[in-house]
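Q: Line by line, the protein sequences are chains A and B. So the first sequence is numbered by the working numbering: it starts at 4 and just counts up by one. So the second sequence is numbered by the working numbering: it starts at 4 and just counts up by one.
To be clear, the hints were calculated from the coordinates, so they are not data collected in a lab. Some hints could be false.
Since the list gives no way to pick out one identical chain from another, each pair is judged satisfied if it fits inside one copy or across any two copies.
What the hints assert, rightly or not - Below, a list of computed lysine-lysine pairs in the BS3-like style, where the Cα atoms sit at most 25 Å apart:
no. : residue 1 : residue 2
1   : Lys44     : Lys5
2   : Lys5      : Lys270
3   : Lys262    : Lys328
4   : Lys6      : Lys59
Values in this document were obtained by computation on a predicted structure and should not be read as measured data.
What follows is each chain in one-letter form.
There are 2 protein chains.
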Amino acid sequence: MKKLDTTPKQDGFRMPGEFEKHAGCYMIWPERPDNWRLGAKPAQAVFAEVANTIGKYEPMTMIVSKAQYSNAREVLNDYVRVVEMANDDSWVRDCGATFVINDKGETRGVDWTFNAWGGLVDGLYFPWDSDDKIAMKMCELERVDRYRVDDFVLEGGSIHVDGEGTVMVTEECLLSEGRNPQLSKEEIGQKLCEYLNCEKVLWIPRGIYNDETNGHVDNMCNFVKPGEVILAWTDDENDPQYERSMEAYEYLSNETDAKGRKLVIHKMYTPAPILITKEESEGVDSVDGTLPREEGDRLAASYVNFYTGNGFIALPVFNDPNDEKAIKLLEELFPDRKIEPIYAREILLGGGNIHCITQQLPL
Amino acid sequence: MKKLDTTPKQDGFRMPGEFEKHAGCYMIWPERPDNWRLGAKPAQAVFAEVANTIGKYEPMTMIVSKAQYSNAREVLNDYVRVVEMANDDSWVRDCGATFVINDKGETRGVDWTFNAWGGLVDGLYFPWDSDDKIAMKMCELERVDRYRVDDFVLEGGSIHVDGEGTVMVTEECLLSEGRNPQLSKEEIGQKLCEYLNCEKVLWIPRGIYNDETNGHVDNMCNFVKPGEVILAWTDDENDPQYERSMEAYEYLSNETDAKGRKLVIHKMYTPAPILITKEESEGVDSVDGTLPREEGDRLAASYVNFYTGNGFIALPVFNDPNDEKAIKLLEELFPDRKIEPIYAREILLGGGNIHCITQQLPL
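Work the whole structure out from these sequences, hints included.
A: As structure tokens, then:
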């Protein structure tokens, strides 16, 4: 498949909203014992549940290393396709292709440079070369041509689009030291607009408190549809999240999208703070160069990290009283989609959630 | 995708003739330096030529290890799809899936047990576990269900079918010590008929002289169409091949196919004996457990090892006077297909030829 030197905007391709129709979904099987406790077995069980759930609604492909291939094939439902691909970890949202489409029903992939959320500045593991090849390999699998963006570091979880010209990010992440320090905010915005085919960037100041991705927007705020967003929220003024949600709310309240619309903002209450237990910490291998998982560390738990698929929402829940609130809010906002709650603490322990471990292939 | 416990015959699936319409073709990128000289670079150039040629006519997928992925992607034409898959060597005809189809346009895969052409008796390398998983992984890629044949060793190069109930094999290979010594000839015939959906087995006594596969039929004899075969031939009575071709001719002359037809037999003259040179031998790593490539060894060169694809034939040639004869014969027998000759000495040095390194996906 071709490596293209043009941009999606030049060629009339755009990234559609996640709520638009999908042709499928990708995930990567978790494995590394220095990030996933107990040899990744508890995480694998939850990843399997996510894949089996999504696979009921849209064609699911699970990317798996050579070593874990047979095990994953055995554990996953028959309707999940298993394909072999070397990887450094299991965050396909971030290292995978961002697919773009045009009006003729053609699909292409954007292959951003991936550096494990900050490279040698504050990246989360080393090396990350296998992950940086995942987007190319996904494009090959799908037989689609590819825009390789060699001079720009980006993870798919750091953007959300409305499919109508608006992209939403956080300054905390996009302006971080470890990604594109050579570019100005304006230049970064131009790159986004060129490769996603957008006209307007919404710059939310910060993401979720203590999020190791430097505050990915996909844990903080998501589009319901053009002109309407869901924002992670807390009323607890003593929670460091309060200030972050408040400043995002104020920013978004005073902004318009690419079409000039004021945004409707829905507040989604976060669960009570979730801390890593001693047992959970002890199940993770200690390795130089990988972010440690220490007892008492606060996890970046947020219901906003849901996946919007064909006729359903896969929603992380935490056995928290706010689980029900999140489900109800989504039922109201997505009356045509079934809400599929999945107990996701094991994903959260690895540093993200359902949206971070999925990547849609639009139709 | 499902692992099935039934058989293709039970389910109404059959292996079509190679000359029937294809949906695509698979190959595996050569790599191991204990089989391919000079780090497999000369072989890779020829494999690329084969893939680029076939890719002009039908969708081509190249299976490549993690280590060689980037190199293969760079070397191959854009229209060749590159997918990652661990492998032990590059003979997808033998370790890959044998695809079967039904009248509704559905496809499934037969996943024979693979033991590197003879396992611990006279297999050609050890281990072979990655190769034995290739068929399963091809079925996953294509999203097709799979018949795993756990109790029967077979390579795809040891069979040819006419798509109308006849399968052609050699006794030399199918009855060899290293494959299914626990089964009688009759039981082996039954297995073939069950999994290929055939009624008649043609048992050619032996294959090409000094063929390390124990005489695969695909180097010796091929179907032009039902009722018509091409047989490797020599008039030189001093060539040990003479006796082999003669006995095959006599056998086939006295047999009928599943439909009761007498066979039309076309003789295809082999090239003059081709021996491994000192330079070629020295380019191969010496490794315990892998068949050595020694100076002066005779290679099992045969034009019969061609690949029949959509509108073309990919034909191995050897810079031999008989090249032209082979091309002419195929032009006569396949008037609607373009004959694509490819200089294939480097493939031959590895132990096979174009048919051995390709596997069609029928439509």
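Q: Does each hint hold? Answer for all of them.
A: Evaluation of the provided hints:
| no. | hint | result |
| --- | --- | --- |
| 1 | Lys44 x Lys5 | between (38 Å within a copy, 23 Å between copies) |
| 2 | Lys5 x Lys270 | neither (43 Å within a copy, 43 Å between copies) |
| 3 | Lys262 x Lys328 | neither (31 Å within a copy, 70 Å between copies) |
| 4 | Lys6 x Lys59 | between (33 Å within a copy, 19 Å between copies) |
Checked against the numbered hints given earlier, the structure breaks hints 2, 3 and satisfies all the rest.
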